[in-house]
Amino acid sequence: MSVFTKKKEDFMAWYLDVVRRAQIVDTRTEVKGMNVLLSNGYDIWDRMKKILDEKFYITGHKNMYFPLFIPEKFLELESEHFEGFVPEVAYVTHAGEKKLDKKFALRPTSETIMYHMYSQWIRAYTDMPLKVNQWCNIIRIDTKDTKPLLRDREFQWTEAHTCHSTPEEAVEQVKESMWIYGSTYDECCLPYLITKRPKYDTFPGALYSIAYDTPLPDGKTLQIGTTHNLDQGFAKVFNIRFQKEDGSHDHAYQTCYGLSTRVMAAIICVHGDDRGLILPPYLAPLQVIIVPVIFKGKEEAIDKECKEVLEEIQKANIRVKYDDSDKTSGFKFNEYELLGVPIRIEIGPKDLEKKGVTIARRDTKDRIFVTKDKIVETITKLLEEITEELKNRVKMLMDESMSDAKTYDELENKMNSKKPGFVRTNWCGDIACADELKERLKAEIRGTLYGEEEEIFGSCIICDEEAKEVVYISKAY
RNA sequence: GACCGGGUAGUCAAGCUUGGUAUGAUACAUGCUUGGGGUGCAUGUGAUCGCGAGUUCAAAUCUCGCCUCGGUCACCA
Numbered sequence: 001m002s003v004f005t006k007k008k009e010d011f012m013a014w015y016l017d018v019v020r021r022a023q024i025v026d027t028r029t030e031v032k033g034m035n036v037l038l039s040n041g042y043d044i045w046d047r048m049k050k051i052l053d054e055k056f057y058i059t060g061h062k063n064m065y066f067p068l069f070i071p072e073k074f075l076e077l078e079s080e081h082f083e084g085f086v087p088e089v090a091y092v093t094h095a096g097e098k099k100l101d102k103k104f105a106l107r108p109t110s111e112t113i114m115y116h117m118y119s120q121w122i123r124a125y126t127d128m129p130l131k132v133n134q135w136c137n138i139i140r141i142d143t144k145d146t147k148p149l150l151r152d153r154e155f156q157w158t159e160a161h162t163c164h165s166t167p168e169e170a171v172e173q174v175k176e177s178m179w180i181y182g183s184t185y186d187e188c189c190l191p192y193l194i195t196k197r198p199k200y201d202t203f204p205g206a207l208y209s210i211a212y213d214t215p216l217p218d219g220k221t222l223q224i225g226t227t228h229n230l231d232q233g234f235a236k237v238f239n240i241r242f243q244k245e246d247g248s249h250d251h252a253y254q255t256c257y258g259l260s261t262r263v264m265a266a267i268i269c270v271h272g273d274d275r276g277l278i279l280p281p282y283l284a285p286l287q288v289i290i291v292p293v294i295f296k297g298k299e300e301a302i303d304k305e306c307k308e309v310l311e312e313i314q315k316a317n318i319r320v321k322y323d324d325s326d327k328t329s330g331f332k333f334n335e336y337e338l339l340g341v342p343i344r345i346e347i348g349p350k351d352l353e354k355k356g357v358t359i360a361r362r363d364t365k366d367r368i369f370v371t372k373d374k375i376v377e378t379i380t381k382l383l384e385e386i387t388e389e390l391k392n393r394v395k396m397l398m399d400e401s402m403s404d405a406k407t408y409d410e411l412e413n414k415m416n417s418k419k420p421g422f423v424r425t426n427w428c429g430d431i432a433c434a435d436e437l438k439e440r441l442k443a444e445i446r447g448t449l450y451g452e453e454e455e456i457f458g459s460c461i462i463c464d465e466e467a468k469e470v471v472y473i474s475k476a477y
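Residue numbering for the first sequence follows this note's numbering, beginning at 1 and increasing consecutively.
Treat the hints loosely; a few may be bogus.
[Unchecked claim] Below, a list of computed lysine-lysine pairs in the BS3-like style, where the Cα atoms sit at most 30 angstroms apart:
| # | residue 1 | residue 2 |
| --- | --- | --- |
| 1 | K327 | K354 |
| 2 | K321 | K296 |
| 3 | K147 | K220 |
| 4 | K418 | K475 |
| 5 | K372 | K296 |
| 6 | K355 | K296 |
| 7 | K321 | K307 |
| 8 | K50 | K391 |
| 9 | K7 | K327 |
| 10 | K298 | K315 |
| 11 | K315 | K350 |
| 12 | K418 | K144 |
| 13 | K391 | K321 |
Hint data in this document are derived by calculation from the structure and do not stem from the laboratory.
Taking the hints into account, I'd like the entire structure generated from these sequences.
This is the structure we're talking about:
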């Protein structure tokens, strides 16, 4: 059996190894960046959907589905938006051998087609707020450098698009989206920094963009979600007009936010270890696996005991399975650790004798013996403890990832170190400095801390002129 | 887009320089065995050697063209 690449030795090789071996994604499609999301991966995404759908529901979002084909003219309507996407849009130009009169874009994102409909749905302020969520796939042929889940040419995501009758309401919606995503990341034990992206890095057509970045163990950062305040830019182009209470007219104030299967990449990268995935209990499709440790002559007694324990745990509404396949117990231990199942219950002759079970937790690898009457109570508590443990680890990762730099030399040292993380520093606001930063250090300005004006503590890290804002710099995937 | 490296059973590799009937591990199937950290043994299944053309008595191997995957860089709103 081949040996895992060690996470500390070669992070990217480790990641690819885990994704392949845990059967999350199969990349052997012969189509670059368009992969099979296998059931192990799909189950995690499914849980993610359930968690988010619950939040969409309680905040009044409606789920809908819009077409994959977008008329080219829709994309062209918002020129800034169009130009931002041009290099990565895939087009359908033919039906069989016959060339189409008008070509269709395969959605790289759904603003245009959704807002075209919104303009027909919205007549008055009473039609708003309109909050629509869509689960779908999108296609962006933006790079040759694809990595399963981290950067694909086709991927699954959620995109929500809202319309409001006042700019204040749109700002509130931005905050609501931050709660929806933030609480989801919390439940997945993911660390994140929320920043307002610099003007030059704002979503094309938007007033401003908020992004969620998570630090990865290799010192780079990963954007795992974005929220955009679109103001009236798209509404004016797509003619989303409404009548106000006083009889006057205005264009809708819009927001949109999205999050993709890339979050799964973050979860794998942040929590995983040299044995494979470690899934946060709330997200884990399977929370407990029961593995029988069979010895000759005791097969039936052990099988019976496993089934009893299975039933008891199922009654407690815990996601549990009993693996009674013919594989050896050692094989199963390794297998379920690879898959990141938070808790494993081992039942063998010794356990039968002592009238209990052995419980192993995935995060710390600790094993304890508990008597039969304490099983459900123990695993319920353990699921909580594992969540806490993962949150503690993540807090450490976040703390380690944060540092300040006052001079360019300091910044350069950090960016060239093994773990650059987020470096907090000062910036004059000039895009030329941002370009130079990218050129020289291959690092990017992620943005300013959202909702908090930080005190400037030096001159611009690049040009040494007067700084206008405190920004966070990182190397990003 | 630039440069580099690959394509041989499901998977990973050897063979290629110096042409001569396809090699191993693993996986899979069957049986026995074993079982508290990827059991062991036996038997068996599985490859038009990426595609096309050329050279040759003979091509996985040499030549040319194409396709495709990967890596590094650029790009990534």
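Status of each hint after checking the structure:
1. K327 <-> K354: 25 angstroms, holds
2. K321 <-> K296: At roughly 23 angstroms apart (the allowed maximum being 30 angstroms), K296 and K321 satisfy the hint.
3. K147 <-> K220: 15 angstroms, holds
4. K418 <-> K475: 11 angstroms, holds
5. K372 <-> K296: OK: K372 and K296 at ~23 angstroms, within 30 angstroms.
6. K355 <-> K296: Status holds; Cα separation ~19 angstroms.
7. K321 <-> K307: Roughly 10 angstroms between the alpha carbons, so the hint for K321 and K307 holds.
8. K50 <-> K391: This hinted pair holds, its Cα atoms lying about 21 angstroms apart.
9. K7 <-> K327: Given pair K7, K327 holds - Cα atoms ~27 angstroms apart, limit 30 angstroms.
10. K298 <-> K315: 26 angstroms, holds
11. K315 <-> K350: 25 angstroms, holds
12. K418 <-> K144: With a Cα-Cα distance of about 26 angstroms, the restraint between K418 and K144 holds, given a limit of 30 angstroms.
13. K391 <-> K321: 26 angstroms, holds
Violated hints are absent here; each numbered hint is respected by the structure.
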